[in-house]
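Protein chains: 2
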Amino acid sequence: MASSAKKVKKSNDTTLEAESEALEQIDSVQNEIDALNEKASEEILKVEQKYNSLRKPFFQKRSEIIKKIPSFWVTAFVNHPQISGLLEEEEEECLHFMEKFEVEEFEDIKSGYRIKFSFEENHPYFENKVLTKEFNLGANNSGPTSVSTAIKWKPERDLSKLLSQKPLNSRRKRNLEYKSFFDWFSDNTDPINDEIAELMKDDLWPNPLQYYLVPDIEVEPEDDEAEGEEEADDEEIEEEEEEDA
Amino acid sequence: MASSAKKVKKSNDTTLEAESEALEQIDSVQNEIDALNEKASEEILKVEQKYNSLRKPFFQKRSEIIKKIPSFWVTAFVNHPQISGLLEEEEEECLHFMEKFEVEEFEDIKSGYRIKFSFEENHPYFENKVLTKEFNLGANNSGPTSVSTAIKWKPERDLSKLLSQKPLNSRRKRNLEYKSFFDWFSDNTDPINDEIAELMKDDLWPNPLQYYLVPDIEVEPEDDEAEGEEEADDEEIEEEEEEDA
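From first to last, the protein sequence lines stand for chains H and D. Oh and the first sequence: position 112 is 112 in the UniProt record's numbering, straight run, nothing missing. Oh and the second sequence: position 193 is 193 in the UniProt record's numbering, straight run, nothing missing.
Calculated directly from the structure, the hints in this document are not laboratory data. Values in this document were obtained by computation on a predicted structure and should not be read as measured data. There may be inaccurate statements among the hints.
Pairs count within a copy or across copies, as identical chains cannot be separated in the list.
Stated by the list, open to error - For lysine-lysine, the following DSS-like pairs were computed, each having C-alpha atoms within a straight-line distance of at most 27 Å: (1) K116 <-> K201; (2) K56 <-> K179; (3) K154 <-> K39; (4) K50 <-> K129; (5) K56 <-> K39; (6) K39 <-> K179; (7) K201 <-> K61; (8) K161 <-> K68; (9) K129 <-> K161; (10) K61 <-> K154; (11) K39 <-> K129; (12) K39 <-> K61; (13) K50 <-> K110; (14) K129 <-> K56; (15) K110 <-> K154; (16) K46 <-> K110; (17) K46 <-> K179; (18) K46 <-> K152; (19) K152 <-> K110; (20) K179 <-> K166; (21) K39 <-> K50; (22) K68 <-> K50; (23) K56 <-> K161.
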């Protein structure tokens with residue numbers, strides 16, 4: 001590839017001079033285009049900031065009304081096609097004590113956002129009132145990072161321990177990239193590809209009502225073959241996990 | 001999943017009434033949020049349209065200067081890490097006659113765009129002066145579609161025929177999803193996932209100079225094992241294609 005590129009550019013001296021002049025002209029036009037792009041981004045960001053402020057009181061109002069519906073958020077989680085995939089039975093029980101779920105974008109939007117899970121006082125699982133997972137999308141030069149609240153589990157209900165001790169065959173079906181809800185919450189190793197966080201921010205948070213109202217209906221398997229394949233996949237996962245243990 | 005969602009929502013009658021009232025309130029707040037979202041989208045689109053108009057004269061100026069540099073566009077194609085992967089040797093030769101490459105977004109931006117390849121008069125490959133591939137992103141209800149100009153090949157230089165007759169081992173290395181440039185151009189079966197078109201629009205077109213100037217340098221293989229794997233892959237492809245023939 002490199003050699004063919006060089007061949008293309010080979011030419012005599014006069015043409016080279018004309019070319020070099022033309023390249024400088026292109027560069028200068030390109031700078032003007034880049035400047036316009038930057039101005040466009042700034043203007044779009046201002047529009048987004050304006051509407052973020054305008055939406056805020058409505059989100060607050062929504063949060064207050066949602067509090068009146070017991071288990072609203074855990075139901076929306078359970079009915080969400082991807083988020084539901086995280087929830088172990090015990091985690092779902094725990095999330096019934098979550099009375100508020102919020103996504104807050106940072107003031108300048110582009111630098112990051114935080115997801116806040118607020119819980120009832122005195123629930124049996126952990127001491128924290130609020131669990132926060134915060135994404136800093138490269139405001140500093142080190143690139144995106146995420147931080148989560150350290151969960152102060154009550155010893156007899158420490159799901160991070162209890163779930164890892166649970167026999168595999170009594171756990172819910174998982175896909176290959178297995179992660180439970182609290183695994184996801186505490187994992188900050190790959191903040192760039194946190195698909196769950198993005199779904200919470202861009203899909204669940206903008207309109208949770210649709211998930212609360214419409215359960216993720218399981219499609220009845222139409223032929224036995226497909227069903228068989230699914231089971232085969234599950235067996236593979238279990239075998240792999242057993243080998244690791 | 002569905003059963004567990006139902007369980008969550010099971011409750012007594014008074015609570016159900018209160019819940020239903022709360023749900024209506026949420027729905028009404030949600031409508032106000034949706035209306036704001038729509039207004040935000042409209043405003044952002046207006047900003048984008050404004051800057052598209054502002055950028056246009058600079059793009060035109062850039063196109064005029066680029067014409068002074070022979071083989072500018074084919075060089076940028078050859079140096080582009082993904083687009084280069086399309087180019088058969090004969091196609092690269094043909095694209096030396098392309099004097100203009102343009103991407104035009106439709107007036108309202110969201111409804112689509114077209115990619116235009118303009119060629120010198122009287123070149124040896126085809127009769128068309130301009131080849132266009134146009135993407136309609138669902139302005140009609142039938143979803144995205146794409147259309148390409150029918151190429152009027154000169155019989156002795158019909159690359160669509162010549163390339164398919166060429167022995168496989170004299171063709172360039174290909175990855176598994178093999179497609180040549182004119183294969184890509186004429187293929188309108190999957191307009192939603194046309195990665196090449198998107199790279200042309202969002203990567204090459206905004207700044208082609210970076211690709212003209214910096215050739216895609218081939219990294220020297222560091223160990224023999226990796227090199228061996230690559231060759232093995234190629235053999236697999238050839239075998240598959242031979243079986244099809």
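To see whether the hints hold, each was checked on the structure:
{"no.": "1", "hint": "K116 <-> K201", "in the structure": "within (11 Å within a copy, 38 Å between copies)"}
{"no.": "2", "hint": "K56 <-> K179", "in the structure": "neither (32 Å within a copy, 48 Å between copies)"}
{"no.": "3", "hint": "K154 <-> K39", "in the structure": "neither (52 Å within a copy, 47 Å between copies)"}
{"no.": "4", "hint": "K50 <-> K129", "in the structure": "neither (31 Å within a copy, 47 Å between copies)"}
{"no.": "5", "hint": "K56 <-> K39", "in the structure": "both (26 Å within a copy, 15 Å between copies)"}
{"no.": "6", "hint": "K39 <-> K179", "in the structure": "neither (41 Å within a copy, 38 Å between copies)"}
{"no.": "7", "hint": "K201 <-> K61", "in the structure": "within (18 Å within a copy, 41 Å between copies)"}
{"no.": "8", "hint": "K161 <-> K68", "in the structure": "neither (32 Å within a copy, 69 Å between copies)"}
{"no.": "9", "hint": "K129 <-> K161", "in the structure": "within (20 Å within a copy, 69 Å between copies)"}
{"no.": "10", "hint": "K61 <-> K154", "in the structure": "neither (32 Å within a copy, 68 Å between copies)"}
{"no.": "11", "hint": "K39 <-> K129", "in the structure": "neither (42 Å within a copy, 36 Å between copies)"}
{"no.": "12", "hint": "K39 <-> K61", "in the structure": "between (34 Å within a copy, 20 Å between copies)"}
{"no.": "13", "hint": "K50 <-> K110", "in the structure": "both (14 Å within a copy, 22 Å between copies)"}
{"no.": "14", "hint": "K129 <-> K56", "in the structure": "within (22 Å within a copy, 54 Å between copies)"}
{"no.": "15", "hint": "K110 <-> K154", "in the structure": "neither (37 Å within a copy, 52 Å between copies)"}
{"no.": "16", "hint": "K46 <-> K110", "in the structure": "both (11 Å within a copy, 20 Å between copies)"}
{"no.": "17", "hint": "K46 <-> K179", "in the structure": "neither (37 Å within a copy, 42 Å between copies)"}
{"no.": "18", "hint": "K46 <-> K152", "in the structure": "neither (39 Å within a copy, 49 Å between copies)"}
{"no.": "19", "hint": "K152 <-> K110", "in the structure": "neither (31 Å within a copy, 48 Å between copies)"}
{"no.": "20", "hint": "K179 <-> K166", "in the structure": "within (14 Å within a copy, 49 Å between copies)"}
{"no.": "21", "hint": "K39 <-> K50", "in the structure": "both (17 Å within a copy, 11 Å between copies)"}
{"no.": "22", "hint": "K68 <-> K50", "in the structure": "neither (29 Å within a copy, 45 Å between copies)"}
{"no.": "23", "hint": "K56 <-> K161", "in the structure": "neither (38 Å within a copy, 60 Å between copies)"}
Hints 2, 3, 4, 6, 8, 10, 11, 15, 17, 18, 19, 22 and 23 from the earlier list are contradicted by this structure; the remaining hints agree with it.
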